[in-house]
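Assemble the whole structure, with the sequences as input and the hints as a guide.
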Amino acid sequence: MSQTTGHTKVLATVGQVRARKGLKSSHAATVAAHGAT
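According to UniProt numbering, the stretch in the sequence shown is residues 1 to 37, in order.
Calculated from the structure, these hints are not laboratory results.
There may be inaccurate statements among the hints.
[To be verified] Here are the simulated distance ranges between beta carbons:
1) GLN3 x ALA32: 39 to 47 Å
2) THR4 x SER26: 39 to 47 Å
3) HIS34 x VAL14: 41 to 49 Å
4) GLY35 x HIS7: 35 to 43 Å
5) ALA33 x ALA12: 25 to 33 Å
6) GLN3 x VAL31: 37 to 45 Å
7) HIS27 x HIS7: 26 to 34 Å
8) VAL31 x LEU11: 26 to 34 Å
9) GLY35 x VAL14: 26 to 34 Å
10) GLY35 x GLY15: 26 to 34 Å
11) VAL10 x ALA32: 28 to 36 Å
12) ALA12 x ALA32: 27 to 35 Å
13) THR5 x HIS34: 39 to 47 Å
14) GLY35 x THR4: 42 to 50 Å
Beta carbons: idealized from backbone N, C-alpha and C, even for Gly.
Here it is in structure tokens:
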């Protein structure tokens, strides 16, 4: 049971990191788009 909980926490952490990276990359794309305009 504890192993499953730990695995879920790891997945959640990875998901948060990926979300942050995605936000940064999308923000950069938005800035680039505004710059192009």
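Can you tell me whether the CB distance of HIS27 to HIS7 sits inside 26 to 34 Å?
Given range 26 to 34 Å: holds, Cβ gap about 30 Å.
39 to 47 Å as the expected CB spacing between SER26 and THR4, which holds or is violated
32 Å, violated
Taking the Cβ atom of ALA33 and the Cβ atom of ALA12, is their distance within the range 25 to 33 Å?
31 Å, holds
Take the C-beta atom of HIS34 and the C-beta atom of VAL14, compute their distance, and say whether it sits inside 41 to 49 Å.
30 Å, violated
Using the Cβ atoms, figure out if ALA12 sits within 27 to 35 Å of ALA32.
30 Å, holds
Could you check the hint for me, namely that THR5 and HIS34 are 39 to 47 Å apart, CB to CB?
43 Å, holds
Can you let me know if the beta-carbon spacing of VAL31 and LEU11 is within 26 to 34 Å?
30 Å, holds
Does the Cβ-Cβ separation between GLY35 and THR4 fall within 42 to 50 Å?
For GLY35 and THR4 the Cβ distance comes to about 46 Å; the hint holds.
Quick check: does the Cβ-Cβ distance between GLY35 and VAL14 fall within 26 to 34 Å?
31 Å, holds
Between VAL10 and ALA32, is the Cβ distance one that fits in 28 to 36 Å?
33 Å, holds
Kindly confirm whether 37 to 45 Å is satisfied by the beta carbon distance between GLN3 and VAL31.
Holds - the Cβ-Cβ distance for GLN3 and VAL31, about 42 Å, lies within 37 to 45 Å.
Does 39 to 47 Å hold as the CB distance between GLN3 and ALA32, or does it fail?
43 Å, holds
When each numbered hint is compared with the structure, violations occur for hints 2 and 3.
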